[in-house]
Structure formats: structure tokens, C-alpha cells
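Chains as they are written, first to last, in numbering that gives the first Met the number 0: chain A, 0 to 263; chain B, 0 to 283.
Incorrect hints may appear among the rest.
Claimed, not checked - Pairwise CB distance ranges, derived in the manner of DEER restraints:
{"id": "1", "chain 1": "A", "residue 1": "154", "chain 2": "B", "residue 2": "206", "range": "29 to 37 Å"}
{"id": "2", "chain 1": "A", "residue 1": "155", "chain 2": "B", "residue 2": "94", "range": "54 to 62 Å"}
{"id": "3", "chain 1": "B", "residue 1": "96", "chain 2": "A", "residue 2": "154", "range": "31 to 39 Å"}
{"id": "4", "chain 1": "A", "residue 1": "102", "chain 2": "B", "residue 2": "146", "range": "21 to 29 Å"}
{"id": "5", "chain 1": "B", "residue 1": "188", "chain 2": "A", "residue 2": "17", "range": "18 to 26 Å"}
Hint data in this document are derived by calculation from the structure and do not stem from the laboratory. Here the structure is a predicted model, which is why all the values come from computation and not from measurement. Note that CB positions come from ideal geometry on N, CA and C, so glycine has one too.
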Amino acid sequence: MTSLRRLFFFVVGLFLALPLIVVAGVSVNARQTLAFPPQGFSLSWYGQIFTNAEWRNALIASLTLAASSALLALLIALPLAWFLWRRIAPWANIFQLLGVAPFTLPPVITALGLLTFWATTGFYGQPWTAVISHGIFFVTLPLVTLSLGFSAIDRSLVEAAATMGADDRVIFRTVVLPLILPYLVSGYAFAFVLSLNEYIVAYMTVGFTMETLPIKIFNALRYGYTPTMAAVTVLFLVIAAVIFGLVARFGDLPKLLGAMSDER
Amino acid sequence: MRREPPQRLADYGPLFFPAGMLTVFFVVPFATMIAVSFFQREQGGFYTPAFVFDNYARFISLFFGKVLGFSLFLAVAVAIACVLIGIPFTYLLSRSARKIQIVWLVVLLSILSLSEVMIGFAWSTLFSRTAGITNLFVWLGLMAQAQALTPSFGAVMTAMTYQAFPYTVLVLYPALVRLDPTLTEAARTLGASPVKAFFTVVVPALRNTILATLIMVFIFALGSYLLPQLLGRPQHWTLSVLITDQAIYQSNMPFAAAMAVFLVLVSLALVGLALYAGQQRQAK
């Protein structure tokens with residue numbers, strides 16, 4: 000059984016790794032070819048991401064968009080999750096539903112809705128519209144992690160603080176915030192990584208005025224390959240693995256993904 | 000501090016910003032899209048407010064029927080492939096040591112978040128003639144000459160399964176982790192082999208979870224937009240590709256909006272079905 004399990008894990012792992020191995024190989028080609036196994040070895044394509052103005056601008060655009068839209072998503076999700084936990088207001092669940100909807104439906108729908116909206120209001124193509132669009136699109140992630148975080152708080156702790164005379168504001172700052180901090184951070188991390196990689200919403204809202212890295216790669220795919228694309232892919236994969244690794248290191252990843260805590 | 004209903008207006012304070020943002024930037028755009036789907040298209044990419052059903056009437060064509068049929072077929076095929084591999088995989092994962100679980104979860108999350116553009120690029124490279132897997136087959140003596148494997152249906156299908164697989168595992172994971180281990184232990188004690196215990200105890204116990212997961216993965220695959228375009232031929236284009244094509248390249252927003260509304264209706268009906276299946280599970 001153990002060997003069968005190992006074999007199965009190995010086959011699935013190979014399936015998941017194969018395209019990435021090829022991409023990593025392509026990214027270290029010495030010359031501008033998409034050859035695998037790589038011909039020669041060079042890290043210059045990784046340098047290109049930072050030295051070539053076009054790739055660097057796309058990287059900066061992507062990082063700025065991801066950092067600010069994840070923050071916006073958090074700012075929307077935190078008060079909402081707090082309110083839903085603190086108050087009995089069944090009708091307010093409609094907003095939780097609205098927060099989860101963009102992520103559940105096929106993304107092209109949210110993208111097209113936002114495209115018609117920005118076109119109608121006359122803001123189409125402004126860089127900040129992408130921040131709002133991504134903020135709304137990814138609000139689901141901090142909302143889910145925060146709801147989980149709030150539900151894990153022992154209400155008697157909060158009650159004790161209230162008995163000692165603390166008001167809502169003090170309780171939030173001194174009791175609630177420290178307890179939900181890991182969920183806050185992981186919610187931000189999830190939204191950040193997904194925004195970094197998101198293509199269609201960004202393309203439909205600001206695709207003609209701003210190039211994020213996924214948009215840049217897609218355009219590069221149509222107008223000729225370069226190993227820089229492979230280098231960017233590897234870089235993004237590493238960023239994602241590091242961030243999720245940190246979330247796992249400092250938080251309870253199995254629990255965040257729905258397993259009961261301390262079960263095994 | 001007990002949970003209590005809001006009494007004063009100030010108690011609603013925390014709700015103002017989230018409710019406002021979600022209404023203005025999700026509900027209103029959604030409504031705008033629905034409105035545009037009834038608008039009249041003008042020449043040159045413009046449209047004027049109207050209330051016509053022309054955009055919906057265009058659905059009733061052989062071409063659209065084919066695209067819709069293919070989209071649904073592709074999404075079903077991907078969902079089935081993912082669930083077939085995903086259930087035994089997630090089951091074994093949930094029975095592994097915690098450290099192994101965490102490593103796999105980090106890997107799966109990283110691949111899940113990888114941009115569709117990058118997945119498409121990676122697979123088009125793997126399936127290419129110059130850098131592809133066929134070179135390996137040639138080297139092993141299985142093939143005489145390296146060849147390109149894209150564009151083809153198999154390439155689209157493989158890449159979409161790759162994209163949806165981590166999602167499938169993460170949807171299945173909570174249910175499988177919480178599955179009572181004594182169930183299989185009892186079956187083993189009574190003499191069933193591990194494989195038999197899996198098929199006669201685990202799979203039936205998870206029937207509704209499996210149905211709900213199939214539907215979730217189906218919707219996820221329905222949203223795939225770049226892979227059919229990058230790895231397939233035009234006849235492999237899905238509804239998502241067609242919507243973007245109409246909106247951006249043909250500048251026919253009303254028709255794109257009408258197709259999107261249709262896609263919403265299909266998805267919502269299926270989400271409803273998934274929730275219903277989930278409730279049946281809890282009721283038991």
C-alpha cells in the first residue's frame with residue numbers, strides 16, 4: 000500500500016512538475032531560443048526582467064497593482080467580517096454572498112461587467128480602475144480567511160474584556176486584532192499572489208493602457224517567444240511558493256484550507 | 000460581549016464601506032452588463048440604449064450551438080478527469096503525515112495561483128517540436144522524429160486538467176480530512192483490502208461531496224479562457240473566449256453582454272445544484 004501510494008504521488012507530482020521543469024530549462028538557454036534541454040547556461044534572461052525597461056515596467060505595474068488591490072480587498076473584508084461576527088443581522092449576509100460571488104462565477108463575467116461599467120462611467124483605461132476591479136474580484140479571499148478567524152475566537156475572552164469596561168474600539172484593538180492577525184496576513188497574501196497572476200480582469204479593464212506581467216507575457220506569446228517569459232514564470236512560481244510557504248510556516252495552512260485544527 | 004442586533008445607526012458603521020464598495024463596483028457593473036445586453040448595437044463599436052432581444056436571438060444559430068455544446072462538453076470532461084484523479088489523491092493526502100500535507104498544499108496553491116497565461120505558455124512549450132516532450136520520446140527510441148502536439152484537443156484538455164487539478168484537491172480536502180477514519184478501519188478489520196475499502200466505504204460516503212465537487216470544477220473549467228485559445232484550434236474555442244472576442248476585438252458589447260448573462264444563468268443554476276447537494280450531505 001505504501002509503495003502504491005508513493006507511486007501515485009510520484010505520478011501526480013511528475014504531471015504537475017513536467018511543464019515547470021521544461022519552462023525552467025528554457026529560461027536558462029544561452030541564446031534566444033526555446034530549446035529544451037537548454038543549449039548552454041545563462042541567467043541573463045532573469046536579468047532581463049529587471050534591466051529591460053518593458054519587462055521592468057510590467058513587473059512594477061504588477062507588484063503595485065497586487066499590493067494595492069490586496070489592501071483594498073482587506074479593507075472591504077475586515078469591517079464586513081467583523082460586523083457579521085459582532086451583530087445578529089441575517090440580512091447582512093447578502094453582502095457576504097456578494098463578496099463571494101465574483102470568485103465563484105467564471106471570471107470573464109466579472110471582467111465584462113467591470114468593462115461595461117468603466118466604459119459607461121468614462122473612466123475606462125485609468126490605472127486605478129484596475130486596483131478597484133481586482134480589489135472587488137479578490138475580496139472573497141480575505142473574507143473567507145477572516146470569517147474563519149473570527150469564528151475561531153473564544154467569545155468569553157471578549158466578554159471578559161467587556162466586563163472589565165472595555166468598549167468596542169478597545170476590544171477590537173487589544174483582543175480581536177491580535178487574534179485574527181494571522182488570518183489577516185494570509186488573506187492579504189492569497190489576494191496578493193492571485194492578483195499578481197490575474198489576466199482577464201486586468202486585460203479587460205486596463206489592457207490597452209497598462210501592461211501587467213501576465214498581459215505582457217500574453218502579448219509576447221503572440222509576437223514571438225523569448226526566454227524572458229520562461230524566467231518570469233519561474234520567478235512568479237517562486238514568489239508564490241515562498242509566500243504560501245511563509246503562510247504555512249507562521250499559520251495553520253491545513254486549517255485555513257478547511258481541515259479542523261489539531262486533528263492530526 | 001454577546002452577539003446582539005444593531006440598535007443605533009452607529010452600530011451599522013462598519014458595514015458602510017464594504018456595502019458601498021460591493022454595491023457600486025459589483026452590483027452596479029453587473030446591472031450595467033445586463034442592461035447593455037438589451038442595447039442596440041450601432042456600427043463602429045458603439046451602442047445605444049434600447050430594449051431589444053436581438054442579442055439573445057443571435058444565440059439561436061448553429062455556430063453558437065456548437066460553441067456552447069463544446070464548452071459544456073469540455074468542462075464536463077475536465078471535471079470528470081480532475082475528480083477521478085483528485086479523489087484517490089486527496090484521500091491519500093489526507094491520510095499522510097501533517098508535514099507531507101503542508102508541502103503538497105503549498106505546491107498545489109502555487110500552481111493554482113499560477114497565471115493561466117503561464118500555464119498555457121508552459122504547456123505549449125512542453126508540446127512544441129523544438130523543446131517538447133517528443134524530444135524525450137525520440138531520445139528514448141519511442142519515436143522517430145520530434146513533432147508538435149499542439150494545437151489539438153488533447154493539448155487543451157491536458158492543460159485544463161492541469162489547471163483545475165489543484166482546485167479540485169482543495170475543494171475535496173476539507174471533506175476528506177474530516178472523514179471519520181474509523182469507517183475504513185472497520186472495513187479493514189472485516190477483511191476488505193485497502194482498495195476495496197476505498198471503493199465500498201469512502202466513495203459512497205462521499206457521494207454528495209463528489210457531486211458538489213464535479214459541479215464546482217465544471218464551473219471553474221467553464222471560466223478557462225486562454226488555454227483553448229493558446230493550445231487549441233478555433234473549433235476548440237469556448238464561450239469565455241467568444242465573449243472576450245466579441246467584447247474586445249469585434250467591439251460588439253451588447254452581444255458579449257448577452258452571452259455573459261447566459262453564462263451567469265448556467266453557472267448560478269449549477270451553484271444552486273451544488274449547494275443543494277451540500278445540504279443533502281449535512282442533512283444526513
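We went through each hint and held it up to the structure:
no.: 1; hint: 154(A) <-> 206(B): 29 to 37 Å; result: holds, 36 Å
no.: 2; hint: 155(A) <-> 94(B): 54 to 62 Å; result: violated, 35 Å
no.: 3; hint: 96(B) <-> 154(A): 31 to 39 Å; result: holds, 33 Å
no.: 4; hint: 102(A) <-> 146(B): 21 to 29 Å; result: violated, 39 Å
no.: 5; hint: 188(B) <-> 17(A): 18 to 26 Å; result: violated, 40 Å
In summary, the numbered hints that this structure violates are 2, 4, 5.
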